[in-house]
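There are 2 protein chains.
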Amino acid sequence: MPELRHDPIQKRWVIIATERARRPSDFRIERDTGGDGKCPFCYGNEGMTPPEIRVFRDGSAANAPGWKVRVVPNKFPALRIEGDLDRAAAGQYDRMNGIGAHEVIIETPHHDKDLPDLSLDEIALVLSMYRDRIMDLRNDPRFRYVLVFRNRGSAAGASLAHPHSQLIATPVTPRTVAIELESAREHYTAKERCIFCDIIAQELATHSRVVAADADFVSWCPYASRFPFEVTLAPRRHEHDFGVLDDQALARLARHLREVLLRIKRSLDDPPYNYMLHTAPAYHLKPRRPGYWSTIELDWHWHLEILPRLTKMAGFEWGTGFYINPTPPEDAARFLREVTV
Amino acid sequence: MPELRHDPIQKRWVIIATERARRPSDFRIERDTGGDGKCPFCYGNEGMTPPEIRVFRDGSAANAPGWKVRVVPNKFPALRIEGDLDRAAAGQYDRMNGIGAHEVIIETPHHDKDLPDLSLDEIALVLSMYRDRIMDLRNDPRFRYVLVFRNRGSAAGASLAHPHSQLIATPVTPRTVAIELESAREHYTAKERCIFCDIIAQELATHSRVVAADADFVSWCPYASRFPFEVTLAPRRHEHDFGVLDDQALARLARHLREVLLRIKRSLDDPPYNYMLHTAPAYHLKPRRPGYWSTIELDWHWHLEILPRLTKMAGFEWGTGFYINPTPPEDAARFLREVTV
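Residue numbers (our numbering), protein chains in the order written: chain A, 44 to 384; chain H, 44 to 384.
Among the clues, some could well be false.
Stated by the list, open to error - Restraint ranges, calculated between C-beta atoms of paired labels, are given here:
| no. | chain 1 | residue 1 | chain 2 | residue 2 | range |
| --- | --- | --- | --- | --- | --- |
| 1 | A | Asp257 | H | Lys118 | 53 to 61 Å |
| 2 | H | Asp129 | A | Lys81 | 57 to 65 Å |
| 3 | A | Lys156 | H | Leu163 | 56 to 64 Å |
If you are wondering where the hints come from, they were derived from the structure by calculation, not from laboratory data.
None of the values given here were measured: they were computed from a predicted structure.
Quick reminder that beta carbons are idealized off the backbone N, C-alpha and C, glycines included.
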């Protein structure tokens, strides 16, 4: 059973994946090899993954070719779906069982196409699978947050080349999300305005950091970008929850996301990247405690963070939490705007 | 002039290094090449670096061969030493000039020896250079924190193979340090005990995570290690400030640090790694505000964090601030203890 452990000084949870305990020699192998043989995400190899959790397909049999988007449990899950949390002290430390969900969203049967190479309909199907899985897992009272993320390229942590996203449901609110939630709530408490709406308004007004904008969505390089060519995508109008998007909104989002990913791909010669979807946490869907009034619908604004992985984390970043970004976001946005897509 | 920019949602500062603005094509080059010609840190190439700030040498001329440890400004500094902070608003954002120090500590003239391959006397000289530079830079009222760190191996962000450490003095307390300071103060306020002393006592008592211990120092794999084979080193007895260590203490630290680094090197086949020294911040040396009583001497405990870089950061880590560690720290500590040094 994997274990969640709490660091009392950094106030941070860590997943100790006790079931695949690694010996020093395992890391030597990891550094020396890279390739793999048969792709478990291609048509005909469905038996190489655990059985599908949810799938979009036109009539073909389960766990057989013919699917369009396919969701399976991660074969090497960081967290386990079965069991109770068993929160406990360990001396002065804190632990709980590593309960959660860890799923793989196989985006297309096409091994060699990246997400932005798919048709708009195909991309919209992937996005609607994100929505469906988020909404389903939120019903599990053990989970506080559902994160959808995508690793593209081995430098970004992808162990398989076939296009896929992942999803992790966690039994605690992750620290990065908690800091964002807290900032948004503080801002709303002081001003009765959404901090993301304020930022979007300023970005659209100054325009120097905008990468793409249409009637529904805007993407920009954040003022304090950690990484070169970092991009944040958000709905222009206030919307706290990715889960409420209807199919028409997802079709419009597919068009916007494809444009942004193509701009990054063409500007930077198909770079490795991560993206992470920060939607509302699960807890607001549960009955509120008496006397506790949540403003999450008013203070939170869902967004997607896209991080091209062009620089390396080193001792300075680990020791400080600061980042050194060699490309001003205004320059990055100009390059991304000017490339032809 | 580099610029410090504040992210209002993540409450994090970022250094935008405006002077070496990078175009997309620069990153393509970075991914394709790696090597370099003449090493600027070797004897005879002293002219390739800016003039030395401080040096240990026996009588030879400045900026010429014959030195033992040599400190020079970073040729491509993330922060500039000259100027005023000029704190200002930028719309709803916050910025200040990128003022600070960024120095390189060239540890030895031997290009091919890593730090633990040096003699104990040589390692102690490097440590005393850390102490001297920290104490000197703390006198500059513009700086809040001085971080010494070391990147070893290109996967850990080292751009040069010649053994060296770096030092950055920042005009704001870095977020990672601020969280640790806050945790330490909260613990002390509640219990009148140092949180690090409590942790060290528990680690020595359970012993399963201890890597090395002698009369003065202890190194252990933290209970909630983020990374496989992560190690924290600290003095056994309460000591808030690395800057107060005398030469005898530094000689003992050299022996302990060499042992720990050799255990990591031999267990993991000379892995890339970072280490970061978290000593007391600079502000406690300044006159205290009326009515403000600092407990930093009582609540803080200096320590060195050593991070072998065996796994990659991916979307999950970026999106949550959580980490997935495939090697339980108890297993890592056992491997590190059992290797012969």
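A quick look at each hint next to the structure:
1. Against the hinted window of 53 to 61 Å, the Cβ-Cβ separation of Asp257/A and Lys118/H comes to about 44 Å, which falls outside the hint.
2. For Asp129/H paired with Lys81/A, a C-beta distance near 59 Å keeps the hint of 57 to 65 Å intact.
3. Between Lys156/A and Leu163/H the Cβ separation comes to about 58 Å, which falls inside the hinted range of 56 to 64 Å.
Against the hints set out earlier in the document, a violation occurs for number 1 only.
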